[in-house]
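Asks: If you want the building blocks of each chain, they are given just below.
2 protein chains.
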Amino acid sequence: MKFKAEIDIMPLEALLDPQGKAVSGAMKNLGLPEISGVRVGKHITLQVEADDKKSAEQKVEQACRQLLCNEIMEFYRYSLAPEK
Amino acid sequence: MKFKAEIDIMPLEALLDPQGKAVSGAMKNLGLPEISGVRVGKHITLQVEADDKKSAEQKVEQACRQLLCNEIMEFYRYSLAPEK
Chain L
14 MKFKAEIDIM PLEALLDPQG KAVSGAMKNL GLPEISGVRV GKHITLQVEA DDKKSAEQKV
74 EQACRQLLCN EIMEFYRYSL APEK
Chain R
14 MKFKAEIDIM PLEALLDPQG KAVSGAMKNL GLPEISGVRV GKHITLQVEA DDKKSAEQKV
74 EQACRQLLCN EIMEFYRYSL APEK
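Taken in sequence, the protein lines are chains L and R.
Counting in our numbering, the first sequence runs from 14 upward without gaps.
Counting in our numbering, the second sequence runs from 14 upward without gaps.
It should be emphasised that the hints constitute simulated quantities derived from the structure, not laboratory data.
All figures in this text were calculated on a predicted structure; none of them were measured in a lab.
Hints are supplied without guarantee of correctness; some may be wrong.
A pair counts as met if it fits within one copy or between any two copies, since identical chains are not told apart.
Mimicking DSBU-like on lysine-lysine, the simulated pairs with C-alpha atoms at most 35 Å apart in a straight line are [to be verified]:
1) 34 to 15
2) 66 to 41
3) 34 to 67
4) 66 to 17
5) 97 to 17
Just need the whole structure built from these sequences, with the hints factored in.
Replies: Here's what the structure looks like:
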């Protein structure tokens, strides 16, 4: 079975996000002072081949922990759905 | 009213995504050959101050079009929810 994973990897809330801060500043120059608190992270989509949802989850967890997410500075969350 | 927007900005399907390609390759070296078709984009969260959802949507659209998303190479989608 093929699953599609949608993964978000974001800077930890406790850490500064200089890129987000820069974007917040740029919003003001753009005439959008109503926008604030910007945080910038990564969005990753991928396909996983697995027998069931549980084993697909394990593979995605392993990929996040070992490669995609630096857990010292970032956290991740994901959703999995069967591929149409 | 304060809204929270969750924005995904991804490379267009028709374009190659070299970063995603590199991650797909790395998955094989990591012992995860079941993972393929990786695409890497950005995930952005922000707060918008607006009278109603419709005007919040307009502001987020404007931010995406004018600053966050390069529509020649990327597409965006977002969801908006009242901030708790």
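Asks: Now, for every hint given, state plainly whether the structure supports it.
Replies: Going through the hints against the structure:
{"no.": "1", "hint": "34 to 15", "result": "between (38 Å within a copy, 19 Å between copies)"}
{"no.": "2", "hint": "66 to 41", "result": "between (44 Å within a copy, 20 Å between copies)"}
{"no.": "3", "hint": "34 to 67", "result": "between (38 Å within a copy, 25 Å between copies)"}
{"no.": "4", "hint": "66 to 17", "result": "both (10 Å within a copy, 30 Å between copies)"}
{"no.": "5", "hint": "97 to 17", "result": "both (9 Å within a copy, 30 Å between copies)"}
The structure fails none of the hints (numbered hints given earlier).
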